[in-house]
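Novice: Residue strings, one per chain:
Protein chains: 2
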Amino acid sequence: MTKAASQKKSSSWNFDKEELFFKRHHLFSDTGKKVLIVYAHQEPRSINGSLKKVAMEELSRQGCTITVSDLYAMDFEPRATKKDVIGAPSNPEFFNYGVEVYEAFKKRSLASDITDEQKKVQEADLVIFQFPLYWFGMPAILKGWMDRVLCQGFAFDIPGFYDSGFLKSKLALLSLTTGGTAEMYTRTGVSGDFRYFLWPLQHGALHFCGFKILAPQISFAPEIASEEERKAMVASWAQRLKTIWEEEPIDCTPPWYFGQ
Amino acid sequence: MTKAASQKKSSSWNFDKEELFFKRHHLFSDTGKKVLIVYAHQEPRSINGSLKKVAMEELSRQGCTITVSDLYAMDFEPRATKKDVIGAPSNPEFFNYGVEVYEAFKKRSLASDITDEQKKVQEADLVIFQFPLYWFGMPAILKGWMDRVLCQGFAFDIPGFYDSGFLKSKLALLSLTTGGTAEMYTRTGVSGDFRYFLWPLQHGALHFCGFKILAPQISFAPEIASEEERKAMVASWAQRLKTIWEEEPIDCTPPWYFGQ
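Chains Y and X, in that order, give the protein sequences.
Position 119 of the first sequence, counted from 1, bears residue number 119 in full-length UniProt numbering, the numbering being contiguous throughout.
Position 173 of the second sequence, counted from 1, bears residue number 173 in full-length UniProt numbering, the numbering being contiguous throughout.
If you're looking for bench data, these hints aren't it; they were derived computationally from the structure.
Treat the hints loosely; a few may be bogus.
One copy or any two copies: either way a pair holds, since identical chains are not told apart in the list.
[Stated by the list, open to error] Straight-line alpha carbon distances no greater than 27 angstroms define the calculated DSSO-like cross-link-like pairs of lysine-lysine that follow: (1) Lys83 <-> Lys119; (2) Lys34 <-> Lys242; (3) Lys53 <-> Lys83; (4) Lys168 <-> Lys242; (5) Lys82 <-> Lys53; (6) Lys168 <-> Lys119; (7) Lys119 <-> Lys82.
All chains, full assembly: derive it from the sequences and hints.
Specialist: Next up, the structure:
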């Protein structure tokens, strides 16, 4: 065997070894996990679109099954109305939305756009909410998803909320972009600590339904950032997702949000 | 004059004096104020409906001009989309909602359902938001009103926010009902102090636009209250409104919300 041939063989062997290592590593890290991304942005080429895209890429690479609810593309209905109940209301004299959807859930007479989303949530190990912050909260189209999909009977009951919420085997993570800078969202900044506005979203809604909450992914002020900085925000999210299944949930209680 | 006739006259005179006093008092208390009630409930006979109704009655009695935006009755659109801009977008290649509506506001090419609401806000001295708490926040239909109506150029600019917000001559007040009890919404209760969930709504949205914030009117857990207790909640709101124009706004900063 010539030196060149030997080098080739050796190099080929190394390549195979690397490939095998990659395959083994890939198999080892093939989590079999299911992820639902609830995505609320109008423009696919926005940074929210990019954050959604890299999440899909990274989680696919890990072998996760990914479902996306692209709310604007679906023209998702945010309004909580009588239309959410198929057939006669439980009380035709007095419309109480919470009572009616609870009854409809039990009788399997909820509108199909709600049950479609409930199926996706039911199958998911992790739900990622990807959205731009509107008025310290979710855009109305996403708020409507919370209002309508996470109904009593499906996501919680009384009793059966907070740590006993029906979605307690699942993880939730808010990935959001802000208009204001990180500096504005500090304890002494004009907009206060960013954890303050997370309270209703993470604790009031998601934790109430039992979700374990992973730390939020906040991309601050991408609109006033450079192209390079925006790329770094997207890369940092992709990087974090590589080890997302090893993360411990936050302790979703007032000290996390407001300090002592 | 018989005794009876004398009594009648006297009684009549007293009646006239009372009427005159009422008229004078009425004129004196005729504030000439304008109030917008943004109302988000599906059922007129709900406690939210009653709270809206007594507010209209009491404020009318004071001589206020009242406008109501009954969002469900209007089937108000909560979604922030391209439809909010009439004609060609400022950037047809990349849709940025905030930028597009800011440009449209300046060019007077915003959708008419937005400008109709902006006119009502512009004319109001006080805006009352009447709604049931959904997930520690506003129902999506009302969140959509905030997202779409309070746009850059109309409600604020950069700079021109918080104490310099464009609506700084106006008062805002949240009147809301909860599912949870007052006990749950305390510092040591499962849902935390009620002031925690008010932060994004009062500070993040309304104060950002300059509004001075009056103390919230919270009717806790009407659904598990007795009929008598519900009546007392409504009466207490009507009573408060009698002296609403004498109230001082809250100090809308973190100490009000989170203590020291």
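Novice: Hint by hint, say whether it matches the structure.
Specialist: Here is how each hint holds up against the structure:
1. Lys83 <-> Lys119: Within one copy, since 19 angstroms is at most 27 angstroms while 30 angstroms is not.
2. Lys34 <-> Lys242: within (15 angstroms within a copy, 56 angstroms between copies)
3. Lys53 <-> Lys83: Intra 33 angstroms, inter 25 angstroms, cutoff 27 angstroms: inter-copy only.
4. Lys168 <-> Lys242: within (23 angstroms within a copy, 47 angstroms between copies)
5. Lys82 <-> Lys53: Between copies only: 22 angstroms across chains, 35 angstroms inside a chain, cut-off 27 angstroms.
6. Lys168 <-> Lys119: within (16 angstroms within a copy, 46 angstroms between copies)
7. Lys119 <-> Lys82: within (21 angstroms within a copy, 30 angstroms between copies)
Checked against the numbered hints above, the structure breaks none of them.
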